[in-house]
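Position one of the sequence shown corresponds to residue 229 (this note's numbering), numbered consecutively onward.
Please keep in mind that the hints were generated in silico from the structure rather than gathered at the bench. You may find that some hints are simply not true.
[Claimed, not checked] As a list, the in silico EDC-like pairs of lysine to aspartate or glutamate whose alpha-carbon atoms are at most 16 Å apart:
| # | residue 1 | residue 2 |
| --- | --- | --- |
| 1 | Lys482 | Glu495 |
| 2 | Lys278 | Asp451 |
| 3 | Lys454 | Asp317 |
| 4 | Lys454 | Asp442 |
| 5 | Lys482 | Asp389 |
| 6 | Lys546 | Glu515 |
| 7 | Lys480 | Asp459 |
| 8 | Lys278 | Glu243 |
| 9 | Lys480 | Asp451 |
| 10 | Lys546 | Asp442 |
| 11 | Lys482 | Asp451 |
| 12 | Lys546 | Glu522 |
| 13 | Lys454 | Asp321 |
| 14 | Lys480 | Asp389 |
| 15 | Lys278 | Asp442 |
| 16 | Lys482 | Asp459 |
[Claimed, not checked] Simulated restraints on C-beta separations:
| # | residue 1 | residue 2 | range |
| --- | --- | --- | --- |
| 17 | Arg335 | Arg519 | 36 to 42 Å |
| 18 | Gln365 | Gly550 | 32 to 38 Å |
| 19 | Asp237 | Ala488 | 49 to 55 Å |
| 20 | Asn338 | Ile273 | 20 to 26 Å |
Even for Gly, the Cβ is constructed at its ideal location relative to N, Cα and C.
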Amino acid sequence: MELARELADFLGSVEQRLGSMLADGDAGPGVKGDTLMEAARHLCIGTGGKRARPMLVRLFGGAVGVAPETLVDVAVASEMIHSSSLLHDDVVDAGMYRRARPTVNARWGNIVAVMSGDLILSTALHRLAHLDPRLTQTALAVVVEMSRAAITEVEARGNLDLPLERLRFIAEGKTGSLFGWCGSAAATLAGQPEAAQRFDLFGRRFGVAFQIADDIRDVLGTDPGKPRYADVLSGTPSLPILLAVARDGSLKGKLRDAWAFTTVNAERTRAIGDAIEATGAVELALERMNRELEAAVDALGPYAQQGMGTELVDWARKLSVGMSAQAQERSRAA
Numbered sequence: 229m230e231l232a233r234e235l236a237d238f239l240g241s242v243e244q245r246l247g248s249m250l251a252d253g254d255a256g257p258g259v260k261g262d263t264l265m266e267a268a269r270h271l272c273i274g275t276g277g278k279r280a281r282p283m284l285v286r287l288f289g290g291a292v293g294v295a296p297e298t299l300v301d302v303a304v305a306s307e308m309i310h311s312s313s314l315l316h317d318d319v320v321d322a323g324m325y326r327r328a329r330p331t332v333n334a335r336w337g338n339i340v341a342v343m344s345g346d347l348i349l350s351t352a353l354h355r356l357a358h359l360d361p362r363l364t365q366t367a368l369a370v371v372v373e374m375s376r377a378a379i380t381e382v383e384a385r386g387n388l389d390l391p392l393e394r395l396r397f398i399a400e401g402k403t404g405s406l407f408g409w410c411g412s413a414a415a416t417l418a419g420q421p422e423a424a425q426r427f428d429l430f431g432r433r434f435g436v437a438f439q440i441a442d443d444i445r446d447v448l449g450t451d452p453g454k455p456r457y458a459d460v461l462s463g464t465p466s467l468p469i470l471l472a473v474a475r476d477g478s479l480k481g482k483l484r485d486a487w488a489f490t491t492v493n494a495e496r497t498r499a500i501g502d503a504i505e506a507t508g509a510v511e512l513a514l515e516r517m518n519r520e521l522e523a524a525v526d527a528l529g530p531y532a533q534q535g536m537g538t539e540l541v542d543w544a545r546k547l548s549v550g551m552s553a554q555a556q557e558r559s560r561a562a
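Whole structure, please, built from the sequences with the hints as guidance.
Right, here's the structure in full:
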């Protein structure tokens, strides 16, 4: 109970700092308000985001004894880097809704979305430079990795022959690299280079598992933020889709035929989605997710039993148990 309150207090501090950093800036003489910051607040403030990255920062920091107040700016920076990538992703994907709200590009247009993403990112990096220049350097490396993974993902659209290693590269770059930075940044502030390496590896493996879990939820229809089989609709070769195609060759032709059209109707999407599920691809994806989680826990080494390191292990275990339960519930309902 005390830990839950402590974590809630920390996230409350993160929300306050995030709000102050996204306050209207100097938009020029005679201009009322700040469109870019208004757009940023639309995405970042009070939208029910998971705040997984700030939570990771706190847990990693708690595993090496960093004071919570020292971690707030790192946690905020992690969320802002993530948010800037979401703004850019929504432009690339022409996304209209995120977290059950219109996206920034849907409301203000692509130019505002891109510029707002750039502003959020530069604001985060500027704040880190004042905290510790080493964190700025490593954060910049993560942004490069995220960008390369994002363009690889775009180039992979519709590719049902995508090697699984390439798909993992995308997941690690887009999600795992920032998760890992949350750990290495906290350990850097603690002056513990071994912990920085271990935490980075944990975050990367955990991030890949996190992405696999999202792919599985898409097939199970358990993600409240998007329609079921959204990956089929968007032509995204997710892990379950690639595993299903490897098991049932006829699915490749069905998907290619569907993706040849600009849109896929609901009936066809449902039929293909059900066929994917019937191959047992969800179970295979769960096995891969669990291997990533086990590797993540192993990477922690002695920190798995130190301070809040136990909470990192618990989070990994809960993700495994929770996703297995969702799959079993779906199987019983089918």
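Okay, the hints, checked on the actual structure:
Our distance criterion of 16 Å between C-alpha atoms is met by Lys482 and Glu495, whose separation comes to about 13 Å. Straight-line distance between C-alpha atoms of Lys278 and Asp451 comes to about 13 Å, which keeps the hinted pair within the 16 Å bound. For a cut-off of 16 Å, the pair hint linking Lys454 to Asp317 stands: about 15 Å separates their Cα positions. Only pairs whose Cα atoms come within 16 Å are accepted, and Lys454 paired with Asp442 is accepted, the gap being roughly 11 Å.
With a C-alpha separation of about 14 Å, the suggested pair Lys482 and Asp389 falls inside the 16 Å cut-off, and the hint holds. This hinted pair checks out: Lys546 and Glu515 have alpha carbons roughly 15 Å apart, not beyond 16 Å. The suggested pairing of Lys480 with Asp459 holds, with an alpha-carbon distance near 14 Å, which does not exceed 16 Å. Pair hint Lys278 plus Glu243 holds up; C-alpha atoms about 12 Å apart against a cutoff of 16 Å.
Proximity of Lys480 to Asp451 is assessed by CA-CA distance (about 25 Å); at most 16 Å being required, the pair is judged violated. Distance hint between Lys546 and Asp442 is fulfilled; the C-alpha atoms sit about 15 Å from each other, no more than 16 Å. This hinted pair does not check out: Lys482 and Asp451 have alpha carbons roughly 24 Å apart, beyond 16 Å. Restraint check for Lys546 and Glu522: satisfied, since their Cα atoms lie roughly 12 Å apart, inside the 16 Å limit.
Under the criterion of a C-alpha separation no larger than 16 Å, the hint pairing Lys454 with Asp321 is consistent with the structure, at around 14 Å. Distance hint between Lys480 and Asp389 is fulfilled; the C-alpha atoms sit about 9 Å from each other, no more than 16 Å. Note on Lys278 and Asp442: the hinted pairing holds, with a Cα-Cα distance of about 13 Å set against a maximum of 16 Å. Between Lys482 and Asp459, the direct Cα distance comes to roughly 14 Å. Compliance with the 16 Å bound is thereby established for this hinted pair.
The hinted window of 36 to 42 Å between Arg335 and Arg519 holds, with their beta carbons roughly 41 Å apart. Roughly 36 Å separates the CB atoms of Gln365 and Gly550, a value that falls within the hinted 32 to 38 Å. For the pair Asp237 and Ala488, the beta carbons lie near 53 Å from each other, so the given range of 49 to 55 Å is met. The beta-carbon spacing between Asn338 and Ile273, approximately 21 Å, falls within the hinted interval of 20 to 26 Å.
Violated hints, listed in ascending order, are 9, 11; each of the other numbered hints is respected by the structure.
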